[in-house]
Structures are given as C-alpha cells and as structure tokens.
Amino acid sequence: MTVSYQYEVASSTSGGFTRLLLKWKGSLYKLIYREMIAFLLLFITVSLIYRMALNESQQRYFESLARFFDRYLEMIPLSFVLGFYVTTIANRWWQQYVALPWPDKDEESRLIRRTLLRYTNLMMILVLRSISLAVKRRFPTLEHVVESGIMTKRELESFKSIQTEFNTYWIPSCWFVDLLRECRTTKKLIDPPGMRFVMQEFLDIRSKCSLLWSYDWISFPLVYTQVVTLATYTFYLACIVARQNLLVSEDDRLAVDDYFPIFTILQLLFYMGLLKVAEQMINPFGDDDEDFELNFLIDRHTKVSYLVVDQIHQNSPLIEKDIHFD
Amino acid sequence: MTVSYQYEVASSTSGGFTRLLLKWKGSLYKLIYREMIAFLLLFITVSLIYRMALNESQQRYFESLARFFDRYLEMIPLSFVLGFYVTTIANRWWQQYVALPWPDKDEESRLIRRTLLRYTNLMMILVLRSISLAVKRRFPTLEHVVESGIMTKRELESFKSIQTEFNTYWIPSCWFVDLLRECRTTKKLIDPPGMRFVMQEFLDIRSKCSLLWSYDWISFPLVYTQVVTLATYTFYLACIVARQNLLVSEDDRLAVDDYFPIFTILQLLFYMGLLKVAEQMINPFGDDDEDFELNFLIDRHTKVSYLVVDQIHQNSPLIEKDIHFD
Amino acid sequence: MTVSYQYEVASSTSGGFTRLLLKWKGSLYKLIYREMIAFLLLFITVSLIYRMALNESQQRYFESLARFFDRYLEMIPLSFVLGFYVTTIANRWWQQYVALPWPDKDEESRLIRRTLLRYTNLMMILVLRSISLAVKRRFPTLEHVVESGIMTKRELESFKSIQTEFNTYWIPSCWFVDLLRECRTTKKLIDPPGMRFVMQEFLDIRSKCSLLWSYDWISFPLVYTQVVTLATYTFYLACIVARQNLLVSEDDRLAVDDYFPIFTILQLLFYMGLLKVAEQMINPFGDDDEDFELNFLIDRHTKVSYLVVDQIHQNSPLIEKDIHFD
Amino acid sequence: MTVSYQYEVASSTSGGFTRLLLKWKGSLYKLIYREMIAFLLLFITVSLIYRMALNESQQRYFESLARFFDRYLEMIPLSFVLGFYVTTIANRWWQQYVALPWPDKDEESRLIRRTLLRYTNLMMILVLRSISLAVKRRFPTLEHVVESGIMTKRELESFKSIQTEFNTYWIPSCWFVDLLRECRTTKKLIDPPGMRFVMQEFLDIRSKCSLLWSYDWISFPLVYTQVVTLATYTFYLACIVARQNLLVSEDDRLAVDDYFPIFTILQLLFYMGLLKVAEQMINPFGDDDEDFELNFLIDRHTKVSYLVVDQIHQNSPLIEKDIHFD
Amino acid sequence: MTVSYQYEVASSTSGGFTRLLLKWKGSLYKLIYREMIAFLLLFITVSLIYRMALNESQQRYFESLARFFDRYLEMIPLSFVLGFYVTTIANRWWQQYVALPWPDKDEESRLIRRTLLRYTNLMMILVLRSISLAVKRRFPTLEHVVESGIMTKRELESFKSIQTEFNTYWIPSCWFVDLLRECRTTKKLIDPPGMRFVMQEFLDIRSKCSLLWSYDWISFPLVYTQVVTLATYTFYLACIVARQNLLVSEDDRLAVDDYFPIFTILQLLFYMGLLKVAEQMINPFGDDDEDFELNFLIDRHTKVSYLVVDQIHQNSPLIEKDIHFD
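Protein chains in written order, with numbering that gives the first Met the number 0: chain Z, 0 to 325; chain S, 0 to 325; chain U, 0 to 325; chain C, 0 to 325; chain B, 0 to 325.
Hints were generated in silico from the structure; no laboratory data involved. Heads up, the beta-carbon is just placed ideally off N, CA and C, and yes, glycines get one too. Do not rely on the hints blindly, as some may be mistaken.
Stated by the list, open to error - Facing chain B, from chain U, some residues (calculated, C-beta under 7 Å):
#1 Gly-82
#2 Thr-86
#3 Ile-88
#4 Ile-264
#5 Leu-265
#6 Phe-269
#7 Lys-275
#8 Arg-299
#9 Leu-306
My request is simple: use the sequences and hints to build the entire structure.
Printed below as a string of structure tokens:
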C-alpha cells in the first residue's frame, strides 16, 4: 500500500519530520527490525563467547581479528555507493509512476464510449498482469478479467485466437483503432478534431503501457544491485566482530557497549535503511508498503470510467450566469 | 507565504548573499531557533552536572562516555546523506510548482467563456482542497465554494449527485467537455481550430491537476525521510554529551566552550538547516514561509479570469501604426 | 554583461583553460578581490597583535584559541554542501535562460504583423521590468516604453484602464488574441493553418513569460542559501584565527606564512569562488558580468522584428536553380 | 541477453535483494571472476617470494615498497570518480533504450500497411546493423535481409543504386514518404487526419533511428573512460604489493591474510564491479548479459507487425454491450 | 575528429575497457603528455638542486617547505570539485550535440524542394560559422559559401542588403517562409497537412540553430571554470615541491621515487585528465579529437539533401508483395 504522509508535514515548524519517526507502516523499523534482531543475537553470542568461553591467548587472537575486521569497515565508502545508487533508483521509481496510464478522458456516443474506455482499461490490466505480482494474483487467468466485466467473452475468444510467443497486451489497441475507423466510416463520430483527440490520448496510453513493460523487461543492471547489496551485507557481517568492545582498550569502554552496541545499531539502521529504500523503489509494482496500489487504481479507473460515461454526461448542469455576472 | 529574494541578489558584488543572512521571515533562524535553544539548555545542564554534581570517578566515567559519543559523530556521513536527499527533494519541489495550473487563457462568447474559466478554477480549487491544508481551511465545505461564486448551486447539486468513493475533482472537466460539445453543435463556436486550442489547454490543466493529486498521494518513500531525520536527530542528541569540554584535555580548552559550544551550534545550524530545507520543500502546499501561496493564487486566477473575460476584451485598443512605421 | 569564452577554448591542447585564468571581466579575481583584501588585512592585524602586543601567557592562550578554531574548519563539509548547492543552482540558471522568449517568428500583412510582433515584445518588456533591475532602470515608467515606440499612447491608456492588484504583463496577449480573431473574421488572414502557427508560437511565448515571472516569485528556499552562505563566511572568519602560524610549532613553519598565508588564500579563493558562482547564477537578470544582457536582447528583438517585417520580406530573393542543379 | 530481475524483488521484506546475490547470469561474479583469480595468483606468488625467496634485507626493502604502494591507495578517490562516472553512463544507457523504435502502430489497406511496416522494420535493421555487433552477425550482408523477407529484391537494387559514402539507413523513409504521397493522390488513403498520424509516427521512428546512430557515432569522451579504467586497474595492481601481510607488523596480523586477502578481494569486487557496470552500459548493443536483445526485438517487431496487419484487423471483435451495461 | 569507440566495447568480458587504454587518438596520454613531461622536468630539477646544490641547513629548510606544501594538497577537495564540474559540463555537451539540426527531411516539387533544403543547410552553415572555428576556417567569407553552391549570388546580395549589427543566420528562414507562402498561393503545394509538416520541421531546425547560438553566447560561468582550473594547476605546482622524497624520512623511501615519482604522476594523470575531459566538452565545436566534426556534417547534409531530392525520389521501388504475403 502507498504510504502518503505529505499532508502531515504541511508545516515544518510544528513538529515536522519528527512526527514521522513514530510511524510503523512503511517505516524503517518495520522494514529492518528482522535484520536488527539477527544482528543483536549474533553480536551478543560472539560477545559472550569472547568473554566467557575463550582462554586468554584465544582472546588476544580474537582481538586482532576484531581490529582486522575494523580496518575493513573503513575500506568501503558505503555512503557514496549508496548515495549514488539510491538517487538513480529514485528517478526510475518516479518515472515508473508517471508511466502509469490514466484513462479517464472521454468522448462520444455511449456504447462506443464505454467500449473505448473498456479497451483502455483492458490494455492496462493486461500489461499490469505481466509486470505486477499483485495484479496477477487478482486476475490469475483471462477468465477472471471476463468475469470482472472488462472483457466480453467474444473478445476473449478473439484475443485467444491470436497465436504468438510475444506479450500481446497491445491487442485491444488494434481493436480500438478498428472501432474508431468504423465510427468514422459510418459517421457516428462526426467531427475529425474530436476523433484526433481520442486517437492522441489513446496512442499516449498505449505508449505508456509499452514503457511500463519496458521497465519490467529492462531491469537496472544486476551487477550494480549486487555490488551495493554485497557491500552493505559484508559491512553488516563485519560489524559483528569488528564492533566488539575489546577487553584491552580500557579508555573509552562503556559497559553498555558490551552487549548492546547502540551506535553500531544506529549506523546499520541508516545504511540498511537506504538499501531498503532502493529495494522498495526498484519494483514499485509489488507488495511493499510503498508500492503503487495497482488494484486500487484498476478499481478506480474502471468505476470512474463508467461514472463518466453513464452518469456525469447525462447529468451535466445547465449553463447559467454565475453570481458575479453583471 | 512565499519568500522571494531573487530581486535582492541581482548583483553579486555589492553585498550579494551576505544581506540575506539578516532576513528573519523564512530564515534559518526562524526555523530552528527552537531546536537551538533546547540544545543549549540541555548542553548547559549536562555541563553543570558534570562540573558541579559529579565526584571525580563519576567525572572520569562521564569523560569516557563523551569520547564514546564523539566516536559516533564520525560514524555518520551526514553531509552526504543530506546532500543527496535535499537534491532529490528540491527537484520534486520545483516539479510540484510547475504542476500548478494557470488558467488565464481565453476564448469566445462571454457567458461560455466565463463558464469555461469558472470550471477551470473550480477544478483547481477542488484538487487543492484535497492536498493543501491552507486551501482546505479557506473552503471547509463545498458550500463555501458556492458562496465565493466559483460554483453555482445547481452545479453543486449536480456534483453531489455523483456517488463515488474516489476523489472527484475532475468532474467539472466533464461538464466542460459537454459544454464545448454543445457549443460546437449549436455553432456558437464557429471555428474548429479555436476549439482545438481551448480543448488542448483544458486537457493540459486537467492533467496538471491530476499530477498535483499524484504528488500528494505518492509521497516520497517514508523510509528515506526517516533515515535522514533519525540520523540528524541522533547527531543532535549525541552532540549534547560528545561536545562537552572535558576537564582532562587541557590543551585546546577554552572557557567560552564550557557553556556555549559556539562551533557545535554552528554545525548543528547547518545540518538541521538542511533538514529544514527538505521539510519545507517536501510539502509545498502547507503553511511554511516558503510554501506556495495557494490562496493568493486562487484569488489571482479568479479575479484575472473575470478581468480577461469582462473588461479586457471589451477594451482592446484599435490597431494603429506605431511610431516607427514609415 | 554576458562573458562568452566558449570560442577561446575551442582546442584543449593549445593552452585551453589556462588562458582563461588571465581574464579579468567576470573573473574569480574581480568577484572576490574585496573579500581577499579584507581577509589579508584582518589576518595581518591578528598576526601582528599575536607576535607584538601579547605577553607570553596571552600568546599561549591565543594558540589554544587558534587550535580550537582549526578544529572547526574540519567540522564543516564545505565542499559537499557547496557542490550540491551549485549544481542545483546551475540547473535553475540555464532553465531561466531557456525560458527567455525569442519572438522573431513572423506572419502575414505588414500592419498586423508589426502589431503582433510589437505585442510580443511589449509583453516581454512588461514581464522583464518586473523581474530585472537592469530593465527596470531602462524603462522606469510605462511612458518610457511608449517613447521607445513599443507601445502606442492609446494602448497605454487601454492598459492603465485595467485596475487590478496583480501583475498585468499578460494583457497584450489578450489584445493579440482579439486582433487575431478580428483578422480571422475579416478574412485578412486567409489560411487557418498559418493562423494556428501564429497562435501556437504566441501561446509559447506567453507561457515563457509566465515561467520567468514564476522564477522570480518562487525563489530558491532562503534557508538553503543561508546555510551555504553562513557556512562559507564562518569558514572565512575562522580562518583568520585558525590559520595563524603559531610560534610553538617549529617544524613546518615558514616565515612567508606569518603574514601571507598563501594556501589559505587559495583555499578561500576556491570556496568563495564557488559561492560567487551560485550568487551570479541565482539571479541571472541583474548587473553581474555573467548576467543575461536583457537590454541588449530587447534591442535585438525590437530591431530584428522590424527588420523581418519591413525589409526582409520585401526583399526575398527569387527562386532560382542552384549551381549543382543539372 | 537482458537479465530481468524486477519481478523477483517485488517485495522488499521477504528476502529482497539478498536473493539476487545468488544469481550467476549477468552477475558480478561472472563478470569479474577472471580478474579475481588473476589477482589471487599474483598475490600468492608475490607473497611466497617475499616469505621464501628473499633474504632479510630484501624483505625489509619489500616492506618499504609495500608501505609505499599502500600510500598510493589512499591517494585515489576511486569511489567518487566511479560514482560520478557510473551515474552519467547509466543515464546514457537508459536514453539509448528509450531511443529504440517500436514500430507496431498501424493503419490502412493491407498491402500498403504491410509495406509501410516493412519499411519501418527495414530502417530499424539497417541502423542496428551499423551499430550492433549482434545484429551485424545475423545480417552480414543485405542479401540476408532480403532472405528474411523484410526487403524485396527490387528494393535492394533500388537501395544499392544509391552511391554515397554516408550511412544510408534512412532511404526506406524516403520510399515511405513517396508511397504515402502516392496513396494520397490515388485516394487510397481517404482521410487526412489518419495520414497525419502515420506520418507523425514515422517521423518519430526515423528520428529515433538517427538518435541511435548518433549515440554510436558520438561516444562518451574516451579520456573520461581512460581515467576511470586506469585508476581502477592501477588500484588493482597496487593492491598486489600494498596489501601483503608484512612480517614486521605483528599486531593485527592474521594467518589467513597471508595468502587469501579476504577484504582486499571484497574491495576489489566492489570497485571492479562498478567499472563493469559502466562497461556493460556504455554499449548496450553488444553481447553482454545485460545488453538489449536486439535480435529478439527484430523478430518481435517483424512478427508482431504481420500479426497486426494480417490477423488482428481481420478478426476484430464486434462491438457489444458489456456486462455492466444497463 | 570524433573518436568513436562504442563498437569496440561491445562485450565487457573479453577485454572491455582495458583495450581502450592503448588508444592514442583522443586519449588521455595525447592530451596531457605535455603537462606530464613539464612536471617531470621541474620535479627532477628541484630534486637535483635539493640533493646536490643545497647545504644541510638549506636542505632542512627545503624539507619544511615540502611538508608545508604537502599540507596544502590535503586542503583542496579536488575530486569533488572536479566531479560536480565534469558532470555538469557533460550534460551541456550532450545537449549541444542534440541541438545540431539534421535537415534531411523532404517534401514536394524538385526545385522548391532543393531550395528549401538549401535554405536549411545555409542557415545551419551561417550559425556554425559564428560558433565554430573549424567551420569558420572552411568558409572564411560568404563568397566561399556561394562557391560551394549552397547560396546563389542573388541570395548573397539579398543577404548583404540587410544592414544590422545582430547575427543574421536566421534570414534564410524568412525566405523559406516567403517561398512556402508563395507555393501555397500559387497552389504548387496542394495539401495543407503536408505543408504543416514542412513548416513544423523548419521551425524546429530554426529553434535548434538559435539554441546553438545561445550555447555559444551564454558560456558556462567563467568563475566556476577558473576555480576548477586554478585548483587543478595549483595542485600540480604544489606537487613539484610537496612530493619530493625527503632525505630525512628513511622509512618508506624508495630510490625510484627520487627522480620518478610514479604515483604522483598517476594521480596528476587522473586529475588533469578529468580537467581535460571538461575542456574538450565545454566547446564541442573546436579542433579537439572529441569535437563534433561539423565540416563532415555539413558535407553529409548537403550531399544527402541533393541525393534525397534528385536521386532517391525518382527511383522509389514499386510497391510489391513481400515474400511472406500469402
């Protein structure tokens, strides 16, 4: 589900972002509490072994091990790698949102209008089924689409009669063009400029569907994602040893740090949080809290389409003078 | 309110940005003086306790605590995280401004023209009501919109008769299309190209309204915001202990630093200032000094629309030869 | 004035950027020599006091003060803050240039054409008067615009008869539309496609004017600018004390550094230079060397408009076979 | 082949990116295992020589050598240089994908339609042959294109009769325009608006082909690529000496590090991984796992074009009431 | 000349970027070998003086000087400043390429067509003459343009009769419009939609020419370029002293480093290489290896224009069934 919080940060003086820290849904805590608990368990285990189970020479060895791991932490410039990666993914994420089509434009006689809007919605569902797990779960087969009323049985047959190994989400757009051409010939659509707007809108929606499919097909290069993930997780693992509070360094030792490495936890929270931001954004069509609610959108588009076609146009208010008219 | 200062920095030699440092409205100081005062109070309290209330061994313990916190400050790469975050938010912020519709284009016979412009303004108010606290406060109910003359009573009825669970800011656009189609049929609008411009402008305004609504619905991922906020605030808190002037380090100690940590204050000013920049920009439709003045814009659009329709077109100067015409 | 140097760096092997270091107009040196001289005077004064006027214990105190300031210099990540800020401002700067309208497209009968081009230029001057100090100085009142021949007296009356509290730079665009509509009715403009191009160009120019006005109204958030300015200037001030050549540190002391801190000067040159880049770019309509030469542009547009309308079209070469025609 | 993994990271809570670490195709490991093995062999050889073959004074010399190399590693800010470079290349990469034309729009009578679509596909193949090794391998000569049925023999003759030293991928677009003009004259294409859409789509495809060719012609400046490559490889080479576990530094020595420098391997993995990301992205038309599958695209476009023209339009479902129609 | 190497890096596994390191044309080495040789000569001279000519106390003084310079090297964050600068310049560079017009679209009767294409090419040459040294060298006077057949003598007279102090590259566009209007009146151009495409293409080319001219007029602010250049060159100069291998620091001294500071050379190679990247990109219309080959483009556009008009359209293959037609 989409987590909208823009409304709550309307004013930056009265609380502002601080209030956001207490949210759970879609929050940093919800996303990485698992990793944090695992980290703590591992950390405490290692700490206990080091303090209880090892003899003195083993402890000395462990200490050199810890210092060795610590050097590694300084070797990875995690903040930059993550910074550049998240920025690039964030762009891709918003572009994917913008690529979602909004079919509630409208034109002409009722049956044609309904059909046109239906084809638009159908094309959108077909492409979303192939890229989104959530939409696929809602419409596992095309029969489910027929049931929902967005496709008729005859259209399904027509659709299935096309044998090809390629994704065919664009077939309703061909029907659409045929329908439009027929309207033109039979003069049901009188004016050419109106038709041009319909055509233009439709081409726009079609190219958006194709862009959505492209984002799915052409993933962001795996290597980059692996580099970033591996860097973050080795950092996480190295912390388990490297951040142990050593018995030999008396100066800045704090008892609390023996079993609850508070600042290491915070640091991991930030780094893994950033990685989670990227994970959420890289596929915005899944099940994450932040993912676009495609099923909601499908409902909205379907219902609003019918609303526009059936109710609103038969209910348009008459033109009248407004109160400032003199 | 929008804080415009571009005019004052016209020349970079004579004063330039320096003058901007003295502004209060929308300034760094106004935004974070609360946090700074809180910081100073906490800092002085801790300092007094450390110096007065603790015995020597407790002081030694506190000192190791301070050094411990100090190490943390070096662990968070705050400047990068903030740099990447603010840059991304700044883009979103300007895109949101650009998405605000400007309906003062114009066309055709007076009553139709007024109605068209009214519908444009109405659609804008409807969408702004759902995303801006300030506009919502001005028009708490649709009756207030009717009172302001932007909607007639009959239109309100028509509007309310549409039962749906979705946001319906786009309904006036359907009326608009119906009105336009009627004009076409009844030949009140003679020329098709003119109509196409009206239609195109209107589709553009409509898609801008829908983009505004999208920016509100799809917030920037909460996790990123939380990471940045948490990093800044833990930095702020850690400073209270870590930046205490320790009794043991004689060398670079300055008395002034005991109770007024001047440079820490400055550093926090920069980091929290950047966070505030992001807070202001993330929702530009609220009450902050920097937020877009939507109510002013609504007034402007309404009044200018009527001005254009009623006064200017009845007052157009006759065509005449200019003074260089030979 | 605009400083164009692109031509001089045509080749990167023969001198390249090195030659640019010797320029004065619009140069780093011209922009910040004042700050540098001030810095040197302050630095030398402090140095003299430290060496001559202070007794030994005071010198020791000063030394701890200097070390204290020095620590601060390391606390501000100036290069990043400036890097992100300048990059964002540079984008805004170029977008503002691109938003400047270029009205030298042309169409149809001479008087109408002149009037259309005049209205275009007039609209541009009206919006520039409200955002640029330089243009405001050239046309302090609307009577000056009339004098320049871009507005007729009758048009000024018409313009002044519109009473509103809002910026009215867009009024000529209404006249323009009226004029065009009249042409259409009276058949002076025969072909609709031609008219559509005129209309489209004009809408484009109008929306550019409105964008220019928006850039002026919606300044880049003051807080960000203040953070960056404050960071740079406190760095500058802290340098005066922190970079003093201390008597106690014998090792790397150089006599030259006592009164002329060469590398500190260079470092400040870079940081303050970057700040100046941002200052110049944030308002490109002012008096800086790098600012867009709006008055030149106005002259150019006016003269070129008349040239096109009056001379060129009456002088078009006849169509003839080129030399390769066989 | 394109490696699509977007579907697998639909949810960021259940596994998320971690699962991606196990992939082989298109993975970090597949790309740089060669470099890693080479590194280990060299590293172990040097280590063995240092420990076994050198006498003590030679060992001392080697140690100073190692420290000397180590200083170098700190001198190159590899993470930034790579960060900026990869970000810029990633933009170019996606723009190249977006520039690939998708010709499955359609219009009008069957033979004309087929020919038009054939010309579109032909133009695309001609431009891809000149920029992609993979497509060149598939169609080594134009005769192969004729064989595949995308070009007729007569068209090939026509094509070959044009003698010029420039790339002529755009010739089918001239034929296309001629064909369209003929259709217009002979009234096979009745309506002008339909023709305008065909023309617009075609101009769009043509300019995309020309953009593709431009990306190939205007490579990203070689110097930048060389700087980045050289920096990474010298880092790699310097590591072989610098990261040797010296006999003299007892403190943090670990036996495992003598012959298997685990963290150095990881660090190289990240840096060289980022370089490989750039290498893959800089030419997305080659043979890499991440490269766009152009031959697949050509197949798809050809087959889908014929599908649309021949099957779908003769099979369009009749318009009928949907189940919600009341 | 443009250096295209995209084809050679088609596969990232087999050699990849490594092969690029051996290129000379347009390479890092070719661009900065001069600076490197100068550096080495200076470095060796200073080294010899230090070792041979100075007495011991002078040597001690020199050593403190070297340490002093060394501190400076750490003060400049060169990698960031260069990173941000090069990224911004790289964007500008590609935008300039995209702004180059490609006039090989075509329409209508032969003489008119030739003239239209000639005017397009002429306008492009006129604007390129004023921004590119290379094109200016090829066409030093307008008579050279006449000789090349792109302008007729009568057109030159017409062109010269326009007296103005402004750049007049846009005059052919006025002739073009006049020619088009005449065609319309005399019905040589029958269909309005065709004319609209011609007009639209032409307006597009004209605005590209104007954008090119703008990039030349509005250089990237000189201050930024100076800051970056100065920072790089002072770094270069400081290295000559700072990186001397001091006699006193025995530990990590290597004899090879006395006269050939290998890693300093490499570091300078990277930093100066990045500066060269920016130098090449800032004016892509010059003589550098990476600069756009404008004279080649002019040849191509002229020849291809005539090819299209004269040969191809008289040679269009007849429409026929393709081999898959059933």
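* Any hints from earlier that this structure breaks? Give me their numbers in increasing order, please. => 3 and 4
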